[in-house]
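Enquirer: Sequence:
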Amino acid sequence: MELRHLQHFVAVAEDQHFTRAAERLLVSQSGLSASIRALERELQTPLFVRTTRRVTLTPAGRALLGEAERILAQVRSAHEAVAAVQGVLRGMLALGSEQCIAGVHVAGLLAAFRRSHPDVEICLRQAGSGALAEEVAAGRLDLAFAVRTDREDTDQLRTVPLTSEPMMVLCHPSHRLAAAGVAVTPEDLGGEVFVDFHPDWGPRRTTDAAFAAAGVRRSVALEVNDVHSLLDLVDEDLGIAVVPRHFRHKRASLTALPVKGAGDAVYETVALLPPEQATSPAARALMALLETGGVAPPQEGVHPS
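Counted from 1, the sequence shown has number 209 at position 209 by the UniProt record's numbering; the numbering is strictly sequential.
The set of hints was computed from the structure by calculation and includes no laboratory data.
Accuracy of the hints is not assured; some may be wrong.
As the list claims (entries may be wrong) - Simulated restraints, written as ranges between beta carbons of each label pair:
no., residue 1, residue 2, range
1, Pro46, Glu276, 19 to 27 angstroms
2, Gly190, Ala63, 40 to 48 angstroms
3, Leu26, Lys260, 55 to 63 angstroms
4, Gly31, Ala78, 19 to 27 angstroms
5, Arg62, Asn225, 50 to 58 angstroms
6, Asp208, Ala183, 34 to 42 angstroms
7, Ala38, Ala213, 49 to 57 angstroms
8, Ser253, Ala63, 46 to 54 angstroms
9, Gln44, Pro275, 26 to 34 angstroms
10, Ala180, Ala111, 42 to 50 angstroms
11, Thr52, Glu14, 13 to 21 angstroms
Each residue gets a CB set at the ideal place from its N, CA and C atoms; glycine is no exception.
All chains, full assembly: derive it from the sequences and hints.
Expert: And the structure:
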């Protein structure tokens with residue numbers, strides 16, 4: 001099995017189209033098709049279902065995809081490790097992060113990393129914590145800054161704690177909760193209209209866990225995928241939001257109230273990495289910069305949006 005066959009297979013699986021994959025790989029379409037056929041002959045099974053519009057993975061293709069991605073990631077790490085021994089950090093740093101993650105100033109950290117390692121190409125992807133964990137485990141990301149998920153450390157994924165903080169309620173100043181001005185419990189919020197993120201986001205996961213632990217059902221009427229939209233909706237008094245404590249600095253016009261009686265549900269941020277032996281030199285360098293205080297998170301009150 002040749003590496004180029006695996007590279008071609010992954011590209012076709014990602015693009016779901018032979019022509020687009022060939023253009024991206026800078027190879028002829030006939031050469032790409034021949035490469036896939038050679039891989040299918042070696043494995044003695046079809047890897048794609050081909051139609052006139054697109055190609056989709058067969059069950060065998062789906063089984064191969066994760067392994068192929070991990071193999072290619074390990075090969076890339078091997079090349080980068082040799083370059084690092086020679087004194088030059090090269091290659092690519094593929095990083096994932098949730099929006100407005102606590103415990104790390106991502107933009108500042110990447111800027112400092114680029115100053116130290118200008119020959120490393122940086123790629124950044126924003127997504128929910130569940131998706132980021134899958135991307136790191138599959139080898140598609142070198143590391144990610146996320147909120148701790150239910151997944152324990154495995155032979156494909158490990159977590160490094162960053163920080164934790166309580167959750168708070170944000171509401172309009174005219175809301176009845178703002179008038180009371182006291183800490184609230186999940187039971188106090190049972191009948192409210194909620195603004196929240198998509199279910200894969202860390203703050204949503206943390207809030208869902210808190211309400212589940214309290215045995216309180218809630219309905220998210222207004223679901224968004226960015227912080228500014230959430231704050232805008234609360235600012236128009238269209239609902240309330242339960243968010244990590246540092247969000248309260250992002251919109252001074254809103255009232256913030258502590259949440260009590262939420263059990264052990266806290267917003268805990270972590271770095272997600274492959275196992276130690278599979279961690280790329282670029283990821284190690286980024287974590288070393290973070291852990292030695294190369295870039296501190298912004299102080300409370302001046303968090304970037």
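Enquirer: Taking the hints in turn, state whether each one holds.
Expert: Verification of the hints:
1. Pro46 - Glu276: 19 to 27 angstroms: violated (37 angstroms)
2. Gly190 - Ala63: 40 to 48 angstroms: holds (44 angstroms)
3. Leu26 - Lys260: 55 to 63 angstroms: Check passed, 59 angstroms falls within 55 to 63 angstroms.
4. Gly31 - Ala78: 19 to 27 angstroms: holds (26 angstroms)
5. Arg62 - Asn225: 50 to 58 angstroms: violated (27 angstroms)
6. Asp208 - Ala183: 34 to 42 angstroms: violated (20 angstroms)
7. Ala38 - Ala213: 49 to 57 angstroms: holds (53 angstroms)
8. Ser253 - Ala63: 46 to 54 angstroms: Holds, since Ser253 and Ala63 (Cβ atoms, about 52 angstroms apart) stay within the stated range.
9. Gln44 - Pro275: 26 to 34 angstroms: For Gln44 and Pro275 the Cβ distance comes to about 31 angstroms; the hint holds.
10. Ala180 - Ala111: 42 to 50 angstroms: holds (43 angstroms)
11. Thr52 - Glu14: 13 to 21 angstroms: holds (20 angstroms)
Checked against the numbered hints given earlier, the structure breaks hints 1, 5, 6 and satisfies all the rest.
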